[in-house]
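Line by line, the protein sequences are chains G and U.
Quick note: the first sequence uses numbering that gives the first Met the number 0, first residue 0, plus one each step.
Quick note: the second sequence uses numbering that gives the first Met the number 0, first residue 0, plus one each step.
Quick caveat, the hints were computed from the structure, so don't treat them as lab data.
Be a bit skeptical, because a hint or two may be false.
[As the list claims (entries may be wrong)] Only some residues are given here: those of chain G computed to face chain U with a beta carbon under 7 Å:
{"id": "1", "residue": "ALA39"}
{"id": "2", "residue": "LEU43"}
{"id": "3", "residue": "ARG45"}
{"id": "4", "residue": "TYR72"}
[As the list claims (entries may be wrong)] Simulated pairs of lysine to any residue, SDA-like, Cα-Cα distance not exceeding 25 Å:
{"id": "5", "chain 1": "G", "residue 1": "LYS47", "chain 2": "U", "residue 2": "GLU8"}
{"id": "6", "chain 1": "G", "residue 1": "LYS61", "chain 2": "U", "residue 2": "ARG33"}
{"id": "7", "chain 1": "U", "residue 1": "LYS61", "chain 2": "G", "residue 2": "GLU11"}
{"id": "8", "chain 1": "U", "residue 1": "LYS75", "chain 2": "U", "residue 2": "ALA96"}
{"id": "9", "chain 1": "U", "residue 1": "LYS13", "chain 2": "G", "residue 2": "HIS30"}
{"id": "10", "chain 1": "U", "residue 1": "LYS20", "chain 2": "G", "residue 2": "ALA39"}
{"id": "11", "chain 1": "U", "residue 1": "LYS20", "chain 2": "G", "residue 2": "THR38"}
{"id": "12", "chain 1": "U", "residue 1": "LYS61", "chain 2": "G", "residue 2": "GLN7"}
{"id": "13", "chain 1": "U", "residue 1": "LYS61", "chain 2": "G", "residue 2": "PRO74"}
{"id": "14", "chain 1": "U", "residue 1": "LYS13", "chain 2": "U", "residue 2": "GLY29"}
{"id": "15", "chain 1": "G", "residue 1": "LYS47", "chain 2": "U", "residue 2": "GLU93"}
{"id": "16", "chain 1": "G", "residue 1": "LYS61", "chain 2": "G", "residue 2": "ARG20"}
{"id": "17", "chain 1": "U", "residue 1": "LYS75", "chain 2": "G", "residue 2": "ALA12"}
{"id": "18", "chain 1": "G", "residue 1": "LYS61", "chain 2": "U", "residue 2": "THR22"}
{"id": "19", "chain 1": "G", "residue 1": "LYS70", "chain 2": "U", "residue 2": "ASP100"}
{"id": "20", "chain 1": "G", "residue 1": "LYS47", "chain 2": "G", "residue 2": "ASP63"}
{"id": "21", "chain 1": "G", "residue 1": "LYS70", "chain 2": "U", "residue 2": "GLY92"}
{"id": "22", "chain 1": "G", "residue 1": "LYS70", "chain 2": "U", "residue 2": "SER36"}
{"id": "23", "chain 1": "G", "residue 1": "LYS61", "chain 2": "G", "residue 2": "ALA12"}
{"id": "24", "chain 1": "G", "residue 1": "LYS61", "chain 2": "U", "residue 2": "ASP53"}
Where is the CB? At the ideal position from N, CA and C, for every residue including glycine.
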Amino acid sequence: MFSADRIQALIEAGLPDCEARVVDPANDGAHFQAEVTSTAFVGLNRVKQHQAVYATLGDHMKADIHALALKTYTPDALPYGAA
Amino acid sequence: MSTQQRIDEMVKSKPVFLFMKGTPDFPQCGFSMRAVSILKALDVPFGTFDVLSDMEVRQGIKDYANWPTIPQLYVKGEFLGGSDIMMEMWEQGELEALVADLKA
Numbered sequence: 000m001f002s003a004d005r006i007q008a009l010i011e012a013g014l015p016d017c018e019a020r021v022v023d024p025a026n027d028g029a030h031f032q033a034e035v036t037s038t039a040f041v042g043l044n045r046v047k048q049h050q051a052v053y054a055t056l057g058d059h060m061k062a063d064i065h066a067l068a069l070k071t072y073t074p075d076a077l078p079y080g081a082a
Numbered sequence: 000m001s002t003q004q005r006i007d008e009m010v011k012s013k014p015v016f017l018f019m020k021g022t023p024d025f026p027q028c029g030f031s032m033r034a035v036s037i038l039k040a041l042d043v044p045f046g047t048f049d050v051l052s053d054m055e056v057r058q059g060i061k062d063y064a065n066w067p068t069i070p071q072l073y074v075k076g077e078f079l080g081g082s083d084i085m086m087e088m089w090e091q092g093e094l095e096a097l098v099a100d101l102k103a
């Protein structure tokens, strides 16, 4: 079992100026959803933004976290690609 | 042939290729089902590989794209993302634009 709080702490510790909201909607300790904002995402495409988040979680993505639905934002609050 | 070479050949075998759990008719995971639904809605031909049928590919594909989850979508040989990115690109019309030239 993993917790949303732990995921949030790892992501926020691993990225600069980062705010993460992580929830476990099914309360199963396996399928999480996260919305992450960081200055680290500026200038990166979506794949690289998500890879940066996965990197903060390391082997937990392989072992404890079955699924992490992810939305990433730059601090101007617009999702990538929004006009 | 190494697993990475096998994956590379699959990625390049079709302009739109999805690594998923299960098959388009019987997806074995909600995220794979969502990815297939988007591809069907795009109405372009696509290839798939069921990673549950091959443990080497199931692990190898994560290294291939430096991406820890499945499904994974490749368009014209390039890794595009997982189901979250597919959904965002679909909602914003980007995916349709990307495959417009592949419509039958």
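Here is how each hint holds up against the structure:
| no. | hint | in the structure |
| --- | --- | --- |
| 1 | ALA39 | violated (16 Å) |
| 2 | LEU43 | violated (12 Å) |
| 3 | ARG45 | holds (5 Å) |
| 4 | TYR72 | violated (11 Å) |
| 5 | G:LYS47 to U:GLU8 | holds (23 Å) |
| 6 | G:LYS61 to U:ARG33 | holds (21 Å) |
| 7 | U:LYS61 to G:GLU11 | holds (24 Å) |
| 8 | U:LYS75 to U:ALA96 | holds (13 Å) |
| 9 | U:LYS13 to G:HIS30 | violated (31 Å) |
| 10 | U:LYS20 to G:ALA39 | violated (31 Å) |
| 11 | U:LYS20 to G:THR38 | violated (34 Å) |
| 12 | U:LYS61 to G:GLN7 | holds (23 Å) |
| 13 | U:LYS61 to G:PRO74 | violated (29 Å) |
| 14 | U:LYS13 to U:GLY29 | holds (24 Å) |
| 15 | G:LYS47 to U:GLU93 | holds (17 Å) |
| 16 | G:LYS61 to G:ARG20 | holds (21 Å) |
| 17 | U:LYS75 to G:ALA12 | violated (36 Å) |
| 18 | G:LYS61 to U:THR22 | holds (23 Å) |
| 19 | G:LYS70 to U:ASP100 | violated (28 Å) |
| 20 | G:LYS47 to G:ASP63 | holds (22 Å) |
| 21 | G:LYS70 to U:GLY92 | holds (17 Å) |
| 22 | G:LYS70 to U:SER36 | holds (20 Å) |
| 23 | G:LYS61 to G:ALA12 | holds (19 Å) |
| 24 | G:LYS61 to U:ASP53 | holds (17 Å) |
Taken one by one, the earlier hints fail for this structure at numbers 1, 2, 4, 9, 10, 11, 13, 17, 19, listed in ascending order.
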